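Could you put together the complete structure from these sequences and hints?
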Amino acid sequence: DGGITQSPKYLFRKEGQNVTLSCEQNLNHDAMYWYRQDPGQGLRLIYYSQIVNDFQKGDIAEGYSVSREKKESFPLTVTSAQKNPTAFYLCASSIAGGVTEAFFGQGTRLTVV
Amino acid sequence: AQSVSQHNHHVILSEAASLELGCNYSYGGTVNLFWYVQYPGQHLQLLLKYFSGDPLVKGIKGFEAEFIKSKFSFNLRKPSVQWSDTAEYFCAVSNSGGYQKVTFGIGTKLQVIP
Chain A
1 DGGITQSPKY LFRKEGQNVT LSCEQNLNHD AMYWYRQDPG QGLRLIYYSQ IVNDFQKGDI
61 AEGYSVSREK KESFPLTVTS AQKNPTAFYL CASSIAGGVT EAFFGQGTRL TVV
Chain B
1 AQSVSQHNHH VILSEAASLE LGCNYSYGGT VNLFWYVQYP GQHLQLLLKY FSGDPLVKGI
61 KGFEAEFIKS KFSFNLRKPS VQWSDTAEYF CAVSNSGGYQ KVTFGIGTKL QVIP
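So the protein sequences, as listed, match chains A and B. The numbering of the first sequence is my numbering, which starts it at 1 and goes up by one. The numbering of the second sequence is my numbering, which starts it at 1 and goes up by one.
Calculated directly from the structure, the hints in this document are not laboratory data. In this text the structure is predicted, and so the values were computed from the model without any measurement. Any given hint could be a false lead.
Ranges between beta-carbon positions, derived for each pair [to be verified]:
no., chain 1, residue 1, chain 2, residue 2, range
1, B, Glu64, A, Glu15, 44 to 54 Å
2, A, Pro8, B, Pro40, 18 to 28 Å
3, B, Gln45, A, Pro39, 41 to 51 Å
Chain A is nowhere near these chain B residues, computed Cβ spacing over 10 Å in every case [what the hints assert, rightly or not]:
no., residue
4, Ile12
5, Ser18
6, Gly29
7, Asp54
8, Leu56
9, Gly62
10, Ser73
Quick reminder that beta carbons are idealized off the backbone N, C-alpha and C, glycines included.
The structure is reproduced here in structure tokens:
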């Protein structure tokens, strides 16, 4: 089945450690996105990528980094510089350009203790 | 920069009541507009979308939305809600062409009481 896979579903890390969240898609989509979902704040865009080896900062990129070495993969690293990393992270993909809808993964809930 | 504003953050309705959720966007160019829904414990999924043509768009499960360009609005409506419509609803906008960026509103939690 085609879709977006985020792993793991739940992740725990100690404060000060970097952590990488995985996002893989087999929909052959060019565009991929990372959002952070917090209660009362909706989905806020962290980073997005329209093509391999290219990505853009979203609205809340500070403390995060991404790479896009393969079309299928768009991993997100939450660094120790992110002041409030505990959140629900959603990855999405879409056909780049034109009128497209985004398809979402199940999300990863990161808890930093 | 584009932005999306959803006016109602939490709505409680009885079954069979009519629903209208407000959404306004801010962007100077041509936009694509979306409503997504997140049922409890499930993925975000598309409810409906507008890109051009008829400003009244029909989606799944009896939902519709109307694009009013002069008001920068894309309100979601349903004539008669059901308990199963209990979910969180997100309005989203993307710029047409170029480097496409999708921006979401903060969401509206809808609770339908049987």
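### Query
Can you list which hints this structure breaks, lowest number first?
3
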